[in-house]
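There are 2 protein chains.
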Amino acid sequence: PALLHDLNEPLIEHAEGQLFLTETFKIILEEVLCKGTDVKEKVCEWKEPEELAVLLDLELRDTGEPQGKLLKRVKDVAKYSIKTSHPRFFNQLFAGVDYHSMAGRFLTEALNTNLYTYEIAPVFVLVEAEVLRGMHRLVGWTEGDGIFCPGGSISNMYAMNLARYQLFPEIKSRGLWGLPRLTIFTSAESHYSVKKGAALLGIGTDHVILVKVDDGGRMIPEDLEEKIKLAKSEGSVPFLVSCTSGTTVKGAFDPLDHIANLCEKYMLWMHVDAAWGGSVLFSSKHRHLMKGVDRANSVAWNPHKMLVAGLQCSALLLRDTTNLLKRCHSASATYLFQQDKFYDVNLDTGDKSVQCSRKVDCLKLWLMWKAVGSAGLEARVDKAFIHARYLVEQMKKREGFHLLGEPEFVNVCFWYIPPSLRGKEENADYQEQLSKVAPLIKERMMKEGTMMVGYQPQENRVNFFRVVAFSPLISQKDMDFFLNEIERLGKNM
Amino acid sequence: PALLHDLNEPLIEHAEGQLFLTETFKIILEEVLCKGTDVKEKVCEWKEPEELAVLLDLELRDTGEPQGKLLKRVKDVAKYSIKTSHPRFFNQLFAGVDYHSMAGRFLTEALNTNLYTYEIAPVFVLVEAEVLRGMHRLVGWTEGDGIFCPGGSISNMYAMNLARYQLFPEIKSRGLWGLPRLTIFTSAESHYSVKKGAALLGIGTDHVILVKVDDGGRMIPEDLEEKIKLAKSEGSVPFLVSCTSGTTVKGAFDPLDHIANLCEKYMLWMHVDAAWGGSVLFSSKHRHLMKGVDRANSVAWNPHKMLVAGLQCSALLLRDTTNLLKRCHSASATYLFQQDKFYDVNLDTGDKSVQCSRKVDCLKLWLMWKAVGSAGLEARVDKAFIHARYLVEQMKKREGFHLLGEPEFVNVCFWYIPPSLRGKEENADYQEQLSKVAPLIKERMMKEGTMMVGYQPQENRVNFFRVVAFSPLISQKDMDFFLNEIERLGKNM
Ligand SMILES: Cc1ncc(COP(=O)(O)O)c(C=O)c1O
Ligand SMILES: Cc1ncc(COP(=O)(O)O)c(C=O)c1O
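Line by line, the protein sequences give chains A and B.
Per this note's numbering: the first sequence = residues 221 to 713.
Per this note's numbering: the second sequence = residues 221 to 713.
By construction, these hints were calculated from the structure, which means they are not laboratory data.
All of these numbers come straight from a predicted model, not from anything done at the bench.
One thing to keep in mind: the hints can contain errors.
What the hints assert, rightly or not - Below 25 Å or equal to it, Euclidean Cα-Cα: the simulated PhoX-like pairs (lysine-lysine) are:
(1) A:K432 to A:K447
(2) A:K246 to B:K292
(3) A:K267 to B:K246
(4) B:K667 to A:K590
(5) A:K561 to B:K267
(6) B:K267 to A:K255
(7) B:K616 to A:K561
(8) A:K292 to B:K511
(9) B:K289 to A:K590
(10) A:K561 to B:K246
(11) B:K561 to A:K262
(12) A:K246 to B:K590
(13) A:K590 to A:K617
(14) B:K561 to A:K299
(15) A:K255 to A:K667
(16) B:K292 to A:K590
(17) A:K299 to A:K267
(18) A:K667 to A:K267
Claimed, not checked - Chain B regions said to be covered by chain A (calculated; three or more residues, Cβ under 8 Å):
(19) 437-448
(20) 599-606
Claimed, not checked - Here are some of the chain B residues that sit facing chain A, going by a computed Cβ distance under 8 Å:
(21) P370
(22) L396
(23) S640
(24) R642
Glycine residues also receive a C-beta, built at the ideal position from the N, C-alpha and C atoms.
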């Protein structure tokens, strides 16, 4: 192209580009943030994949397209995407929108840098340290270390790697060969990332020992102790207990203090996967759920979930003050982490990570926290508990809603029993019929676009719904809507 | 707070929030995108960390802050952050800005969803597949698999994990115990993520065998073969060669075809780390540098580097068509990947990842690709080569610039010899004096804020600069400025 030959002409046209960005911003405001949070609008505009592919005209071609056509694409992407900020999106452990966090996210994108050296991320190095300090304080530590990771699963893996490195530092260079079999303990209802991590780290999923849970989904410490003893007697080396504060499905909190006693007794690394539940630490009313967390060696906590900081935002917090994180992960690349820089190279935190490029995930949280204060975040947490409690009380009053149990947290798990199945509990195919209810209600709601909520089977329990109502955008009316809508969609089946 | 008790009031005020976001957008346009790309403005506003901490007023408090104060914070963050889009930012393997990509990034942030199920990311599941298809085609494959990862380091780790799983599928459940020692081969100048990955995966950095490179920094296949034989004779099991297309410092391209022969001969997984160099595949003129890439088993390629797609954007591409990625990584969580959904659950791609939450990194690339077409991306690549060539020619003409060698790619590595050191090559302390030049020039340029470029030592070579000029925003004038500025800053030392 001609452009190529004019070396004094950049390939980017700023004015045109900025206009496009401004037009996109307007579409975002209108379609995603206004309509996308309006209860009179749909949560989703369901299309079959084949149809959607055609609508989006996905193909990548040799030549570019005019701005008008591209803006149409921006609109289409917005139109056919799920409105996860919508007050009736109850499908995942993230939902809602916080505008200050969103502002922090746009600013992060525009500044486009990596969080590895002070040199290229001076503001973010300091902001990350401050946010980690704030989180440490909530855990109950006056010092420590930490890092933001691309998601709670990776945070959990980091904890595993650190625990094993602390025990056998030679693993870093020599690998697992010649070492005894290592075992990890976690509850039967913990997040699947514990197993994924064990597989990736070469430990193997068979060496993740699942500890029994009580009716509420909490790890049973007596069973943990038995399993630790058993593993030891079989020649394995237990090295880590991964507790959960807020399990994914039921929202259960493992008894941390009790488990901490065992970790001390058997000298095991205590990790707390608080990816989902960690935010209760903001609430003076509910933080007792995590009593004992200050005795943990590490805590994973995802502000992108309950706090609405936006995806991705996940911190791994460490009690360690011996630079374990860096010792375990560093490669000391001289092209990035030169030691003869003119500033304090301890500010170059990148070598604490197994990543090289690392997205800036802290600014949005810092700005949101500044905007509403710890008190504002506490209010969000407390309100979520109130909404959940309201749902529970209503379900008890309404026919057809059958709770799995009394929730500890904001996850409300229930079966909806359609009129045709009521009183048929003794029928041989009752469970099978019941298992079909949630998928069918889900299909109906998505095709109408009125709301979204997730379901799953668990152990011997057939498909049940899990509703989580924590978005700061929701009101009690949305709770009523939810219940009515389940009834409406589940009436004829 | 009162708010808590009114359950019908959401905690978020849309009008106020949207106003804040709009004001932030204006600041982004003005400070980051206009001033931040203006050669008359500074690349950085250097502050010592202690001073910057005070300026930013980092502390997180109990109460929130008024909007005006928060907007001031947005401005301060922009002000004290590095302007990585500035035409004089040559410090990293990312730089510049593309407005369509930026629009895609804002839209991604606003839509705030995860790339794990079709249910909550219908558009992005399809877009990711299409972008991967486009990249596959450029590699020379008509089919295959792939996934976007949080950075090239993680993409490289995935390749390791897949290669080892393919060889020993039982590792996933049983771990590395009882297996022979596994070894990885990569060049001495490959990226440090290969070692980080080996450490994390339990393989150990000692089992990453570094193959010798030639003067240009390219892996020497003869040395590779010798080292493979040696490892085998010592009872290790070689399983992976990680080649590099575009090394981090010198921009060297390993001879892929030659290495592919050896991988076939010894039945090793061939991975190509093309995080930096992959973009040459767009260029009919330069894609020969990667001849043989279609014979690889996997390729890591970061469009967030040369293509200016924005951080993070890294794809792992696989030739495999047997669903290896999913088999290796899946945990089949029933709360997310229910098998009784009403649509084709093969569209739920999340279980291919070791992550759970996974950021949407594909939309920005798709939108940019649509906007400029493959031809536009080719022009960017070709122009970068022209700029680099120009720099090389100029350096040869100017006194004081000493090239490390003839670059193959757009990395230009050189020493600047200040007048006081010229002709002193025989002095005993010459190398020591020379090693101090780059850090001092760097300090001066950052304190003045005129530009940024990186330096490093490598093996027995003392600190030298690496300049990479690929941003679509730069013109030949910026190249001249670069050379003049190095001379100006290096004059008195
Ligand atoms: C308890 C728990 N831990 C960890 C995770 C994983 O976090 P992420 O999705 O950020 O990887 C989740 C995700 O839902 C979770 O619920
Ligand atoms: C050759 C090479 N491979 C891999 C990486 C790592 O990519 P990322 O920074 O996205 O982790 C880099 C980063 O510069 C690189 O230059």
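Hints, verified against the model:
For the hint linking K432 (chain A) to K447 (chain A), the alpha-carbon distance of about 10 Å falls within 25 Å, and the restraint holds. For the hint linking K246 (chain A) to K292 (chain B), the alpha-carbon distance of about 23 Å falls within 25 Å, and the restraint holds. Taken as a hint, the K267 (chain A) and K246 (chain B) pair is broken in the structure, with Cα atoms around 35 Å apart against an allowance of 25 Å. In summary, the hint linking K667 (chain B) to K590 (chain A) is not supported, as the alpha carbons are separated by about 30 Å, beyond the 25 Å threshold.
Of the pairs offered as hints, the one joining K561 (chain A) and K267 (chain B) holds, with about 14 Å between alpha carbons and a cut-off of 25 Å not exceeded. Using a Cα cut-off of 25 Å, the hinted pair K267 (chain B) and K255 (chain A) is violated, with the two alpha carbons roughly 43 Å apart. Taking the CA atoms of K616 (chain B) and K561 (chain A), the gap is near 28 Å; set against the 25 Å cutoff, the hint is violated. With a C-alpha separation of about 38 Å, the suggested pairing of K292 (chain A) with K511 (chain B) is violated against the 25 Å cut-off.
Proximity of K289 (chain B) to K590 (chain A) is assessed by CA-CA distance (about 10 Å); at most 25 Å being required, the pair is judged to hold. In summary, the hint linking K561 (chain A) to K246 (chain B) is not supported, as the alpha carbons are separated by about 35 Å, beyond the 25 Å threshold. At roughly 21 Å between alpha-carbon atoms, K561 (chain B) and K262 (chain A) fall within 25 Å of each other, so this suggested pair holds. For the hint linking K246 (chain A) to K590 (chain B), the alpha-carbon distance of about 20 Å falls within 25 Å, and the restraint holds.
Distance restraint check for K590 (chain A) and K617 (chain A): the Cα-Cα separation of roughly 41 Å exceeds the 25 Å cut-off, and the hinted pair is therefore not satisfied. Between K561 (chain B) and K299 (chain A) the CA atoms are separated by roughly 23 Å; this keeps the pair inside 25 Å, and the hint holds. A hinted pair counts as satisfied when its Cα atoms are at most 25 Å apart, and K255 (chain A) with K667 (chain A) qualifies at roughly 18 Å. Between K292 (chain B) and K590 (chain A), the direct Cα distance comes to roughly 12 Å. Compliance with the 25 Å bound is thereby established for this hinted pair.
Distance hint between K299 (chain A) and K267 (chain A) is fulfilled; the C-alpha atoms sit about 11 Å from each other, no more than 25 Å. Of the pairs offered as hints, the one joining K667 (chain A) and K267 (chain A) holds, with about 8 Å between alpha carbons and a cut-off of 25 Å not exceeded. Using a Cβ-Cβ cut-off of 8 Å, 0 residues of the stretch 437-448 of chain B lie near chain A, which falls short of the minimum of three, so the contact claim is violated. Closer than 8 Å: that is the beta-carbon criterion, and the stretch 599-606 of chain B has 5 residues meeting it against chain A, so the requirement of 3 holds.
Interface hint status for P370 (chain B): upheld, as the beta-carbon distance to the closest one in chain A is roughly 4 Å, under 8 Å. Interface hint status for L396 (chain B): upheld, as the beta-carbon distance to the closest one in chain A is roughly 4 Å, under 8 Å. Residue-level restraint check for S640 (chain B) is violated (minimum Cβ-Cβ distance to chain A is 19 Å; threshold 8 Å). Hint on R642 (chain B) is violated. Least Cβ distance to chain A is approximately 22 Å, over the 8 Å limit.
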